[in-house]
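Novice: Chains as they are written, first to last, in my numbering: chain S, 820 to 1155; chain R, 820 to 1155; chain P, 820 to 1155; chain D, 820 to 1155.
Just to be clear, a hint being listed does not mean it is correct.
What the hints assert, rightly or not - Covered stretches of chain D (chain P as the covering partner; in silico rule of three or more C-beta atoms under 8 Å from a C-beta of chain P): (1) 972–979; (2) 1048–1057; (3) 1113–1123.
As the list claims (entries may be wrong) - If you want the ones that stay clear, here's a sample from chain D, every Cβ over 12 Å from chain P, calculated: (4) Phe835; (5) Asp844; (6) Cys855; (7) Ala1024; (8) Arg1026; (9) Ile1065.
Said to hold, decoys possible - Listed next, the in silico DSSO-like pairs over lysine-lysine satisfying Cα-Cα at most 30 Å (straight line): (10) D:Lys974 - P:Lys974; (11) D:Lys838 - D:Lys849; (12) R:Lys891 - P:Lys1149; (13) D:Lys1058 - P:Lys974; (14) P:Lys891 - P:Lys1149; (15) S:Lys891 - D:Lys850; (16) P:Lys940 - P:Lys974; (17) D:Lys891 - S:Lys891; (18) R:Lys1058 - S:Lys974; (19) S:Lys849 - D:Lys838; (20) R:Lys974 - S:Lys1058; (21) P:Lys940 - P:Lys891; (22) S:Lys974 - R:Lys974.
Note that these hints are calculated values from the structure, not bench results.
Note that CB positions come from ideal geometry on N, CA and C, so glycine has one too.
4 protein chains.
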Amino acid sequence: MVGQRFVSLLARHPWFEAKWLAASDRSAGKKYGEACHWRLRSPMPASARDLEVDECKAGQAPQLVFSSLDSKVAGEIEKEFARAGHVVVSNSSNHRMDPDVPLLIPEVNPDHLALVRTQRKERGWQGMIVTNPNCTTIGLAMSLAPLERAFGLAKVLMTSMQAVSGAGYPGVPTLDILGNVIPYISGEEEKVERETQKLLGHLAAGRVRPGDFAVSAHCNRVMVEDGHTESISVALRQKATVEDLIEAWRGFRSLPQERELPTAPRHPILVREERDRPQPKFDAEAEQGMATVIGRVRPCSVLEFKYTALSHNTIRGAAGAALLNAELMKSEGYLD
Amino acid sequence: MVGQRFVSLLARHPWFEAKWLAASDRSAGKKYGEACHWRLRSPMPASARDLEVDECKAGQAPQLVFSSLDSKVAGEIEKEFARAGHVVVSNSSNHRMDPDVPLLIPEVNPDHLALVRTQRKERGWQGMIVTNPNCTTIGLAMSLAPLERAFGLAKVLMTSMQAVSGAGYPGVPTLDILGNVIPYISGEEEKVERETQKLLGHLAAGRVRPGDFAVSAHCNRVMVEDGHTESISVALRQKATVEDLIEAWRGFRSLPQERELPTAPRHPILVREERDRPQPKFDAEAEQGMATVIGRVRPCSVLEFKYTALSHNTIRGAAGAALLNAELMKSEGYLD
Amino acid sequence: MVGQRFVSLLARHPWFEAKWLAASDRSAGKKYGEACHWRLRSPMPASARDLEVDECKAGQAPQLVFSSLDSKVAGEIEKEFARAGHVVVSNSSNHRMDPDVPLLIPEVNPDHLALVRTQRKERGWQGMIVTNPNCTTIGLAMSLAPLERAFGLAKVLMTSMQAVSGAGYPGVPTLDILGNVIPYISGEEEKVERETQKLLGHLAAGRVRPGDFAVSAHCNRVMVEDGHTESISVALRQKATVEDLIEAWRGFRSLPQERELPTAPRHPILVREERDRPQPKFDAEAEQGMATVIGRVRPCSVLEFKYTALSHNTIRGAAGAALLNAELMKSEGYLD
Amino acid sequence: MVGQRFVSLLARHPWFEAKWLAASDRSAGKKYGEACHWRLRSPMPASARDLEVDECKAGQAPQLVFSSLDSKVAGEIEKEFARAGHVVVSNSSNHRMDPDVPLLIPEVNPDHLALVRTQRKERGWQGMIVTNPNCTTIGLAMSLAPLERAFGLAKVLMTSMQAVSGAGYPGVPTLDILGNVIPYISGEEEKVERETQKLLGHLAAGRVRPGDFAVSAHCNRVMVEDGHTESISVALRQKATVEDLIEAWRGFRSLPQERELPTAPRHPILVREERDRPQPKFDAEAEQGMATVIGRVRPCSVLEFKYTALSHNTIRGAAGAALLNAELMKSEGYLD
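Here chain S stands alone, though its shape is the one from the complex:
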């Protein structure tokens, strides 16, 4: 699903173009139009249909390579590409927590990109690996970043209701999820907890010191196609009101907005005032799927505040995230 989103987003991208596609040996040698069981509602871009799927080897690849490889193989392959001089912008989980690999959301921690200097130096690579977080982490971290900046974070408790597209294709069997909730997604809670701390951590001396706050996640799968909904409670370090939080979110702008990067949402965070929003059906596509939509901001009697956040898991949470990372890198001169 993420690969298809990449193809779809690149087809109308002003800076980048999909020139080379690689996949498992099973697909190598086929046209993309044949190898791929297209599952997006918008049709497969004509430009992608005839691209030949190559083997996953660095040889023919262009400078910039997006990776959404299965984590079973991504680790080694991504290193191989970086070693061979490619800029690997990865959505895979393997290297996210490597101390010298940036885990990046351009609105949240663009300065962490500088980690690649450490990375190249220590590993002796011409290329580099840059990662974006897990689809569930992104919406959470987007909603937390303005709070951390303005008030300091102390505690974060998040329960997710995640869309099936997050599990890829074929992914979740209908017999598992029809009329059901699955209160478990393998490895997800650990990712959310660690990645959030790294994203909101501070870069110093070529290392990221994790954010100094506790994070706990409950991850659930529900029968939604796209859009992860999160019920979030937070405790802050400084006094604030519900209005202060809303103001912090509404006023949140960052580098991607200032530089008008092509995939950047004009408003990275939208706050809805209806009592029953955000909802995946109506809000997942906000700002072309790149906004995080927040609603139901109110006091929490256990922590301090609670709210609901939603973001599109395969756009803001995956392919769009990687694309925005690449745009940031280009605007910083890392790409020709």
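Add chains R, P and D to chain S, keeping to what the hints say.
Specialist: For chains R, P and D alone, kept in the frame of chain S given last:
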């Protein structure tokens, strides 16, 4: 939906029999078989089909009356019945928080039933009103009661994923929930927070002192037919381990089990060990829908422990709850 | 739902503008933004938000009036508006089968519009009523028209799998349709059978002689948001091959295409070659929801050919249909 | 899914017991409780949990063997077992249309069982293969059998709306079917058409002459867990009324009922009078999932009559079907 569950459960009840049905004026005078748009998978009991639906007046009613009236009208009607000498066992929300009305889960706070003495004395009633909690509260309170007993509760944070049957019939429009999550249920979070404290509170001098712990709820609607799933985090007053919690839950027995009340589950709490349970599809019907099923017990880095709990919202959470209340009352001599 | 589609389509219409909205007394006097529980994924047009909802009386209305009133009231109100001089372009079922009221699909029977001359003469009206067919009829009739033209129709047997949006809002309760099929839609089969014959009938001497072929419909509701899928078998009067049928469909163009009416699809009929299409998820939005998408064309051992057809029930099947009717009328000089 | 139904039904069977389980090499050697990802709502029978899964070889197997093997391998394996003397009662499609293999529904064509004599003689086998039809064929053939007996069949046109459990597990990906209809199931229409004619054919001189009527099928997948719904139109050879059809269905009894075979439904066909039944949600489980439920019987203007039929696809349509075949065989003396 709750009314239909009452009819269905009473049809095979060893002690009680549905002899009299009342509803809105619109249905009065019709046979139940005609007035009711039966929505349960099990067929309408033959014994109910020909019962004539009466007006909602105390005159013809038997001693014991179950109420699942709309909260717009339940308040006055239930008082009228109690004044006229009936034992009103209500699933409606109106009187739950009245200081002299028992809010009762027989496994959790059977001693609170004694509140009816205050109630009858102060109000001068021959009859009485006894209530059960909201469908979302019950699963939560069932899971908390053994923890409160064994370790003391300090903080409770709960996010629910609630079934559509909780909204009655016609209830949730398909266009609202198909492929969607609705992060709001009117009045639900307040009910869960206050009712949980009353249920786990202490009765003294004819009043309930609410439990001394904080509760915060996020309530969401998902596309599930029956069974509310809850992601719960707790902090306790005494040291405990994950194993201690599981032992407390597995060992939990109470009056309904001791007295073998007909609707009582043999195991009020079941703990599943699979990493992805409980799930509404597989666990909502456990113990005829009367068990609370718990799983995924693990440490929580913000509070202390986290777990998932599930219970059937129209059985354990409504009709079955009221029935068990009535059974407790009979076993205590409140019914002829 | 159809009203919302009207508002949505008119907001970006080059010829028409929503200037006046009327609804039941309950909504009258409110802003549309308050009166309407907007259920489309695309946001409510800003232009509609502040329109005041009027009573359903002819007084303030503009010349052209679209009606998607409930059939309980549409009959009289539409006549009242026509009598008062308005051009009523209706999606309601009441007058569809009136002998002097055009039942119109601009691609199928644009000549039937001339019926309004009979209508105005016989009824002495300044205005007029023009109708479009039922949402299930439209896809069927679109697929049949090129076959009737090219080969003559003898028999038509259609089984529909209809989307919930066809039942309006709140419409189908989730408890009725979750994981279910409902093999009945009140009045639908009769409408499909009679309307198809009128649409494909011949206008002569101010009357429509119904098409000389048998039609039988099975109508079912399934859990789909938008897009009615139809399994269709036909027998023809002349010899034809599967390729002939496909050619007839692919070559089908009509007045709306020739005149480039704004809402007209460029290709009124699309034929897909994948073995498993059309599907509501991928095909309902084809040509902005105005195309009928056909697939799986193959021989039928009982009649002669069988195929699957799909069209968007609230666009091509309702609001878009009426809009295209109005565009045809404007291009024919019936509107100022 | 069918294997799980076998295990579930055998656990409470009065005549047979699951003593030996075989599956692919991948599972061989494991306990069933570990090898199987149990997907039924009722829990895995305790008796099955510890059975060791064997390789699919004839050696250790008991006399009676049920097969629901994948059709990629079933062909050869089933022959090997029959050659080795086993009675293979198969739900797989491979041998259904073999001229000397009975395709059997005990209520419909119990006399076809005699084909095994031809089979054993011609093939020189000690054992034998007996098959039941495809899950979509069974409901259709059950509804047609009483009509063929009473009035003779001329034409049959069927459109199915099939449950996802028919595709096994993991089966249909959620991303394919959520809010969607898939108008194609590989090989299904051909199976339904040919199998129905064989089932309702006549056995003479050791061969089955197919029924002398035309059958055409449209097969669709919808988002239902269990229960195939079919919209059926028929033309008969003799005059009949709607009441005649209903009488023929209601009066339908056959050998399994006379002999009170354990899995036989008391009423093989139920006719519902509500205008909107049968529905999978309410009717799939009728008579423990072994009844075919019919409703909406009415005239058809293209053929002669139309109606809706429903049957449970993994019980009556698969595991229950095979079990009933085995019971018939035991009652006929084919099993020790």
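Novice: With reference to the structure, classify each hint as holding or not holding.
Specialist: Now for the hints, and whether the structure bears them out:
With 4 residues carrying a beta carbon less than 8 Å from a beta carbon of chain P, the region 972–979 of chain D meets the three-residue requirement, and the given coverage holds. For the region 1048–1057 of chain D, the assignment as covered by chain P holds, since 3 residues bring a beta-carbon within under 8 Å of that chain's beta-carbons and 3 suffice. Counting residues of the region 1113–1123 of chain D whose CB lies closer than 8 Å to any CB of chain P gives 6, which reaches the minimum of 3, so the coverage claim holds. Against chain P, the non-interface label of Phe835 (chain D) holds: every CB pair exceeds 12 Å, the least being about 31 Å.
A cut-off of 12 Å between C-beta atoms confirms that Asp844 (chain D) is not in contact with chain P; the least separation is 32 Å. Here Cys855 (chain D) stays apart from chain P, with its beta-carbon at least about 23 Å from theirs, past the 12 Å limit. The non-interface label for Ala1024 (chain D) is consistent with chain P: the shortest C-beta to C-beta separation is roughly 27 Å, beyond 12 Å. The Cβ of Arg1026 (chain D) sits about 22 Å from the closest Cβ of chain P, beyond the 12 Å cut-off, so the non-interface label holds.
A cut-off of 12 Å between C-beta atoms confirms that Ile1065 (chain D) is not in contact with chain P; the least separation is 16 Å. Distance check on the hinted pair: Lys974 (chain D) and Lys974 (chain P) sit about 14 Å apart at the alpha-carbon level, within 30 Å; holds. For the suggested pair Lys838 (chain D) and Lys849 (chain D), the alpha carbons sit about 15 Å apart, so the restraint of at most 30 Å is met. Restraint check for Lys891 (chain R) and Lys1149 (chain P): the C-alpha separation of about 51 Å exceeds 30 Å, so the hint is violated.
Using a Cα cut-off of 30 Å, the hinted pair Lys1058 (chain D) and Lys974 (chain P) holds, with the two alpha carbons roughly 21 Å apart. With a C-alpha separation of about 29 Å, the suggested pairing of Lys891 (chain P) with Lys1149 (chain P) holds against the 30 Å cut-off. Between the alpha carbons of Lys891 (chain S) and Lys850 (chain D) the distance comes to roughly 28 Å, so the proposed pair stays at or under 30 Å and holds. Between the alpha carbons of Lys940 (chain P) and Lys974 (chain P) the distance comes to roughly 35 Å, so the proposed pair goes past 30 Å and is violated.
Among the hinted pairs, Lys891 (chain D) with Lys891 (chain S) is consistent with the structure: their alpha-carbon atoms are about 29 Å apart, no more than 30 Å. With a C-alpha separation of about 21 Å, the suggested pairing of Lys1058 (chain R) with Lys974 (chain S) holds against the 30 Å cut-off. Taken as a hint, the Lys849 (chain S) and Lys838 (chain D) pair is broken in the structure, with Cα atoms around 47 Å apart against an allowance of 30 Å. About 21 Å separates the Cα atoms of Lys974 (chain R) and Lys1058 (chain S), which keeps this hinted pair within 30 Å; it holds.
Taking the CA atoms of Lys940 (chain P) and Lys891 (chain P), the gap is about 27 Å. The hint holds against a cut of 30 Å. With a C-alpha separation of about 14 Å, the suggested pairing of Lys974 (chain S) with Lys974 (chain R) holds against the 30 Å cut-off.
Checked against the numbered hints given earlier, this structure breaks hints 12, 16 and 19; the rest are met.
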